[in-house]
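K.L.:
Chains as they are written, first to last, in full-length UniProt numbering: chain S, 1 to 275; chain L, 1 to 222; chain U, 1 to 276.
FYI, nobody ran anything at the bench for these hints, they're computed from the structure.
Note that beta-carbon positions come from the ideal geometry of N, C-alpha and C, so glycine has one too.
Where hints are given, some of them may not hold.
From the structure, some residues in chain S lie toward chain L, with a derived Cβ separation under 10 Å [unchecked claim]:
#1 G141
#2 E143
#3 A144
#4 E174
#5 L190
#6 K210
Computed spacing ranges between beta-carbons, pair by pair [as the list claims (entries may be wrong)]:
#7 U/T52 - S/P78: 47 to 57 Å
#8 L/V53 - U/E42: 23 to 33 Å
#9 S/Q160 - U/W99: 41 to 51 Å
#10 L/T56 - U/R17: 23 to 33 Å
#11 L/V119 - U/E42: 43 to 53 Å
#12 L/V53 - S/G127: 21 to 31 Å
#13 U/L257 - L/V53: 19 to 29 Å
#14 L/G8 - U/P103: 52 to 62 Å
#15 U/V15 - L/T56: 22 to 32 Å
#16 L/K134 - U/L130: 52 to 62 Å
#17 U/P103 - S/T110: 35 to 45 Å
#18 S/T232 - U/A48: 50 to 60 Å
#19 L/T116 - U/L29: 46 to 56 Å
#20 S/T252 - U/L30: 31 to 41 Å
Now the stretches of chain L that chain S is said to cover, found in silico as 3 or more residues with beta-carbon under 8 Å [to be verified]:
#21 81 to 95
#22 133 to 141
For reference, the chains in residue letters:
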Amino acid sequence: MFGRSLFAVFAVVAVASGCGGGSESYASIVDKAKNDKKLVIGVKADQPGLGLRTPDGSFTGFDVEVAKYVAKQLGVEPSGITFKETVSANREAFIEQGQVDMVVATYSITDARKQKVSFAGPYFVAGQDLLVRADDTALTGPEALNGKKLCSVAGSTPAQKVKAEYAKEVQLQEERTYSACVDRVLGGQLDAITTDNVILAGYAAQHTGKLKVVGKTFSTEKYGIGLKKDDTAGRKAINDALEKMFSDGSWTKALQASVGASGFALPQAPQLERY
Amino acid sequence: MEALLNEGGTILAAFWMTVRLTAVSALGSLVLGTLLTAMRVAPLASLRATATVYVTVARNTPLTLVLLFTGLGIGANLGLELSDDIATNNFWLAVIGLTAYTSAFVCEALRSGLNTVPVGQAEAARSLGLGFVKTLALITLPQAFRAVVAPLGSILIALTKNTTIALVVGVAEASVRMRELIETYGDQVIEIFLGFAAGFVLLCLPMGLLFGWLSKRLAVAR
Amino acid sequence: MTYANLYERPGPRGVRRNRVLTALVALALLAVAYVVYVRFDEKDQWAAEKWTPLLRADVWATFILPGLAGTLAAAVAGVVLAALFGLVFAVARLSEHRWIRVPAAMVVEFFRSVPLLLLIFFAFFGSFVLIGVNISAFAAVVFGLTLYNGSVIAEIIRAGVLSLPKGQREAAYAVGMRKGQVMRLVLLPQAVKAMLPALISQFVVLLKDSALGLIVGYDELVDRGLNGIAANFSNVIPAAILIAAIFIVINMALDRLAHRLGASSTRRSASSARRS
């Protein structure tokens, strides 16, 4: 008796928790955009300047602007977009399950990820950098970190890389969120935060005059737009949309509006890597 | 299996951290929990109130938040630096957080243990001229401890498992290592999980048996 | 509950001494509070711009209430499934058949020993390898909560059944009930009733544990509320204080419920020391 009801409830939970995904499945994001005029897009929700959920419930940031532009090119107005929070751990899962149609969430293109999803872009080339207090003139790059305290978010490899390649004597602090790292650096307890420069620029823009990005990158991260693995038509359409965004000036404008306040030197639009 | 075999050393190191966290926090919780119990039955209303509020707050806050408060609140904002070395500092902050949380449960267990001690025990002690502290320390608490050996064992096991949440303050114990391994060896998730689960079973099961045996041995015959 | 038997009623001198001591305790507490206040003030933690957002209606509507809904959804699903799991395995462990009892005991002991965090990680990252589908964060959290708390609940219920007088079972058999009926109609209802305070305590644990969902990005009170607010206003500490207060209020209400039920239940429950 109990066994049967247990399974019944499990089944209900499994269905309720969204294993099913969307109402109708399309072969390509292009078809879905054209027919439904609706898209679900995965973005970060806790990264100022890139993808941030604001108190009024909307999302802002560079990733969000890119997503809106691309959606528009595919024929979907901003009112037809549902933004959904993704975290680093669940991006591939969300795409594979069809919980989102595409992901624009500081999503680095890597070969390992290409096994599971496909990427349009890159729409931005970021690099690992350091965020320090604005009045800190001693920390000019990763080599200067010896004897200093460096913050990173748990489970991220960038900090290990700094220790292994640049500054053996650096002390690493892992935090759950960048907000917590920022708190500690502002409080003077730690000296620097490391991750991609554009993410850091978002925090520098949020704390204008108190934090700055060092501006010496020591890696290359190509941010792509993730979508279903076999959606070649979708990849092409998104790449076309990005091409247009780069050339008509919207790309620079979006970047300037999102992280410009940090004093971050805005780069040129990247070269698309179609495949 | 490859992941577990290749990384055996680092996995053992991570579990060693789990053991150290558990052992030090358990000692701390026992001391602080006993102190809190004494405060809760003390003649001073202010001490009783303080302990009651403390236990209520600590017991009802998720451990994640308790550890966040120790890491950011005590560590970053109160500026408590227990060591210049970040790893050591984080270890002690985690111990403070785990102790703060677990001692509330120890206090609750001990208090229910005090209830099992017959009134006559304390009355006899008082009639011999013992004051509050001596009555508590020499007569009632020792009997209370013997009555709650089994619940204390449960709390110790829970503490062992709770050390995995120390990742909130950046302590690299077993759960952190497991997550890193899952990220590196994505195809061996099941083996990795079973390996770490076995580690915790090996830690917790003997504790359960030991405390079960102890509680029978030490039970006060009445 | 009073513990007056631990000390004599104080005389006039004792009353005076207690007053002085009370004042000293109060002073000590004030001193601690003052140090915390000053140190936090140095770090600007009391700045109005960190606290006022917590009073805004839109902040509640966007971060706190959806987070609370997520926490409660996971907790409710977890409670229902953990209760079912607990019932099934309590009965299985009480079975007369060795081949049911022993595996059931192994399952329960296993899940009692494995930290919840590991279970959630495993469900979230391992589901694809195991069943070919990536399960949602919600499912992973509920999976973990069910197995972890379910095994504890199984033990609570089993202890409840074992604590019942033998006569209950014998009388039920005597009126011609079958094994299943005895368990279902006579033993389980009484055991559950006797253990209600302990069960509710375990549900409080479950509710608190749902906060671990943040590890896999489940939208609950700590992730959506705390981290969401802090990302906008960089006020980790004030937001954490608010979120903790919400948890404390909910859990105290549940605790009170447990006490009321405990008082009304005639049977003295066995040691209900809560497992953390």
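K.L.:
Each hint should be assessed against the structure and marked as holding or not.
P.N.:
Hint check results:
Hint status for S/G141 relative to chain L: violated, with the closest Cβ pair at about 21 Å, above 10 Å. With a least beta-carbon distance of about 20 Å to chain L, the hint placing S/E143 at the interface is violated under the 10 Å criterion. Interface restraint check for S/A144: the shortest CB-CB distance to chain L comes to about 18 Å, outside 10 Å, so the restraint is violated. Among the interface hints, the one on S/E174 holds; its C-beta lies about 4 Å from the nearest C-beta in chain L, closer than the 10 Å criterion.
Nearest Cβ of chain L to the Cβ of S/L190: about 8 Å, under the 10 Å cut. The hint holds. Interface hint at S/K210: violated, since its Cβ lies 16 Å from the closest Cβ of chain L, which is beyond the 10 Å cut-off. Here the CB-CB span from U/T52 to S/P78 is close to 30 Å, at odds with the stated 47 to 57 Å. Separated by about 26 Å at the C-beta atoms, L/V53 and U/E42 satisfy the suggested range of 23 to 33 Å.
Between S/Q160 and U/W99 the C-beta distance comes to about 49 Å, which sits within the given range of 41 to 51 Å. Range check, L/T56 to U/R17: about 28 Å between beta-carbon atoms, so the 23 to 33 Å window is met. Under the hint 43 to 53 Å, the C-beta atoms of L/V119 and U/E42, about 51 Å apart, fit the expected range. The given range of 21 to 31 Å is broken by L/V53 and S/G127, whose C-beta atoms sit roughly 50 Å from each other.
As the Cβ distance of U/L257 to L/V53 is approximately 20 Å, the hint placing it in 19 to 29 Å holds. A beta carbon spacing of about 30 Å between L/G8 and U/P103 contradicts the range 52 to 62 Å that was offered as a hint. For U/V15 and L/T56, the Cβ-Cβ distance of about 28 Å falls inside the hinted range of 22 to 32 Å, so the restraint holds. In this structure the supplied range 52 to 62 Å holds for L/K134 paired with U/L130, their Cβ-Cβ distance being about 59 Å.
About 43 Å separates the C-beta atoms of U/P103 and S/T110, a value consistent with the hinted range of 35 to 45 Å. Judged by the Cβ atoms, the range 50 to 60 Å given for S/T232 and U/A48 holds: they are separated by roughly 54 Å. The hint said 46 to 56 Å for the Cβ distance between L/T116 and U/L29, and at roughly 31 Å that hint is violated. One distance hint, 31 to 41 Å for the beta-carbon pair S/T252 and U/L30, is violated here, with the actual separation near 57 Å.
Only residues whose beta carbon comes within less than 8 Å of a beta carbon in chain S count, and the region 81 to 95 of chain L has 4; three or more means the coverage holds. Beta-carbon proximity to chain S at under 8 Å applies to 0 residues in the region 133 to 141 of chain L; the threshold of 3 is not reached and the given coverage is violated.
Hints 1, 2, 3, 6, 7, 12, 14, 19, 20, 22 from the earlier list are contradicted by this structure; the remaining hints agree with it.
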